[in-house]
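Same order as they appear, the protein sequences are chains A and B. If you read the first sequence in my numbering, its first letter stands for residue 13, the second for the next number, and so on. If you read the second sequence in my numbering, its first letter stands for residue 3, the second for the next number, and so on.
Hints listed in this document are in silico derivations from the structure and should not be mistaken for laboratory results. Beta carbons are placed, not taken as given, at the ideal position from N, Cα and C, and that holds for glycine. Treat the hints with care, since some could be wrong.
[Stated by the list, open to error] Pairs of lysine to any residue residues, derived as SDA-like cross-links and limited to a Cα-Cα distance of at most 20 Å, are as follows: (1) B/K31 with A/R32; (2) B/K4 with A/H48; (3) B/K4 with A/A30; (4) B/K31 with A/H53; (5) B/K31 with A/M13; (6) B/K4 with A/T45; (7) B/K4 with A/G50; (8) B/K31 with A/A30; (9) B/K4 with A/E29; (10) B/K31 with A/R31; (11) B/K4 with A/R39; (12) B/K4 with A/C51; (13) B/K4 with A/D40; (14) B/K4 with A/L42; (15) B/K4 with A/H53; (16) B/K4 with A/D41; (17) B/K4 with A/R32; (18) B/K31 with A/E29; (19) B/K4 with A/V55; (20) B/K4 with A/G43; (21) B/K4 with A/R31; (22) B/K4 with A/L49.
[Said to hold, decoys possible] Pulled a few chain A residues facing chain B out of the computed Cβ check, cut under 8 Å: (23) T60; (24) V68; (25) V76; (26) Q77; (27) S142.
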Amino acid sequence: MNIQLTVNGTRHDLDVEARRTLADALRDDLGLTGTHLGCEHGVCGACTVLIDGGPVRACLMLAVQADGSSITTVEGMAGDDGSLHPLQEAFSTHHGLQCGFCTPGMLMSALDLLHREERPCRARIREELSGNICRCTGYAGIVDAVEAAAAEMAVETGPA
Amino acid sequence: MKPAPFDYLRARSLGEAVRALADAAGDGKIIAGGQSLMPVLALRMARPRLLVDINRIPGLSTITPVDTGVRLGALVRHARLVEQTLHPLLAEAARWIGHAAIRSRGTSGGSIAHADPAAELPVVAAALEATIHIAGPGGTRTSTATDLFTGPLETTLAEDELITAIDMPAPERWGFAEFSRRHGDFGLVTVVAAEVRGRWRLAIGGVGGVPHRPAEAEDLLNDGGSPDQVAAAAAAAVTPSGDIHASAEYRRAMMEEFTRRALTAATQKAVA
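Could you put together the complete structure from these sequences and hints?
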């Protein structure tokens, strides 16, 4: 089937098999391998991307279902000049990753959370990231990173 | 972990979807949010010949006030249920469904049709005695939630029928209590207590094949029984099974405790 996806602002026309997941289309057809696949059945959260602004597990959506939509992947987080997003900076500073496999999903879920809530407390951050599994860090560094990025972004935005 | 090949139809109308399902003669599946079906396809526990995608059928995504409460179109996503203010019980229950990435895709109709006895919306539908609107090749019909659910992941829906809307009555008072080991997991036990048009109902999820309505406990509640008495009666009425997640005794104890909590929440709301 012919579909059209806008990924990180770039339009792509694709011909995919109906059974192709969005995650496979991003990785294998578009070469955007930042979106990781862990469990491939909606448990680990590694493949989380934003579709039309909302978080979606890319392994639980068919590429044909995403036809016409606008997708943000981890590759779309950094600035055009390559400068890292405050969340990415904070994950680095606060040791929010070790092997890095879960990191794209963690970043996407955290990005979605910070779109919705400016300064979530640690309990909220844990609750919202509970759909993303990390086998290395014990999560403490990840929660630190999201908390720090929220503070950083609030400073950037300034008082409303 | 890839789905087996299938034909795919992006239905543009209910009629087209129903005809396609009928033509598939039992070998077709509806896909809406896909949050339950996609894992089943990936694990190849199901290999339908045809997938009928109903996501782009117009008119199925609305939340409409009706006489008794609200009518949820089958494609209303859980994330929207969390945000809406017409039906506070639904907002609270939806907050407990999975994670943000699941709530942005999963649908009301899908959750009811999938009929997982541990899922939140089937328990709410049972407690509110929701009316399910169903379309099929012969036209439309309605069913009560209680009649729809026949077993774990089993309903009276025919292979060529699909849910179009769910009428959820608005309760005067309600309480919702759920326990899961991690946020977003299916509830080990989920209890809804709701007073609809002056009569209290109780529904308990996660302790049987379908959302359980403990009749004796409901009668006791309507006759002015205390939360402790009602909770004890509710726990006495079922025989939960034990599995790797929890023993039968633990489930029964949790059921009693969470029934008490739901009732306490409901009563406190009345005072406030």
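Hints, verified against the model:
{"no.": "1", "hint": "B/K31 with A/R32", "in the structure": "17 Å, holds"}
{"no.": "2", "hint": "B/K4 with A/H48", "in the structure": "15 Å, holds"}
{"no.": "3", "hint": "B/K4 with A/A30", "in the structure": "12 Å, holds"}
{"no.": "4", "hint": "B/K31 with A/H53", "in the structure": "18 Å, holds"}
{"no.": "5", "hint": "B/K31 with A/M13", "in the structure": "19 Å, holds"}
{"no.": "6", "hint": "B/K4 with A/T45", "in the structure": "17 Å, holds"}
{"no.": "7", "hint": "B/K4 with A/G50", "in the structure": "13 Å, holds"}
{"no.": "8", "hint": "B/K31 with A/A30", "in the structure": "14 Å, holds"}
{"no.": "9", "hint": "B/K4 with A/E29", "in the structure": "12 Å, holds"}
{"no.": "10", "hint": "B/K31 with A/R31", "in the structure": "13 Å, holds"}
{"no.": "11", "hint": "B/K4 with A/R39", "in the structure": "14 Å, holds"}
{"no.": "12", "hint": "B/K4 with A/C51", "in the structure": "11 Å, holds"}
{"no.": "13", "hint": "B/K4 with A/D40", "in the structure": "13 Å, holds"}
{"no.": "14", "hint": "B/K4 with A/L42", "in the structure": "18 Å, holds"}
{"no.": "15", "hint": "B/K4 with A/H53", "in the structure": "9 Å, holds"}
{"no.": "16", "hint": "B/K4 with A/D41", "in the structure": "15 Å, holds"}
{"no.": "17", "hint": "B/K4 with A/R32", "in the structure": "8 Å, holds"}
{"no.": "18", "hint": "B/K31 with A/E29", "in the structure": "17 Å, holds"}
{"no.": "19", "hint": "B/K4 with A/V55", "in the structure": "15 Å, holds"}
{"no.": "20", "hint": "B/K4 with A/G43", "in the structure": "18 Å, holds"}
{"no.": "21", "hint": "B/K4 with A/R31", "in the structure": "8 Å, holds"}
{"no.": "22", "hint": "B/K4 with A/L49", "in the structure": "12 Å, holds"}
{"no.": "23", "hint": "T60", "in the structure": "5 Å, holds"}
{"no.": "24", "hint": "V68", "in the structure": "6 Å, holds"}
{"no.": "25", "hint": "V76", "in the structure": "6 Å, holds"}
{"no.": "26", "hint": "Q77", "in the structure": "6 Å, holds"}
{"no.": "27", "hint": "S142", "in the structure": "4 Å, holds"}
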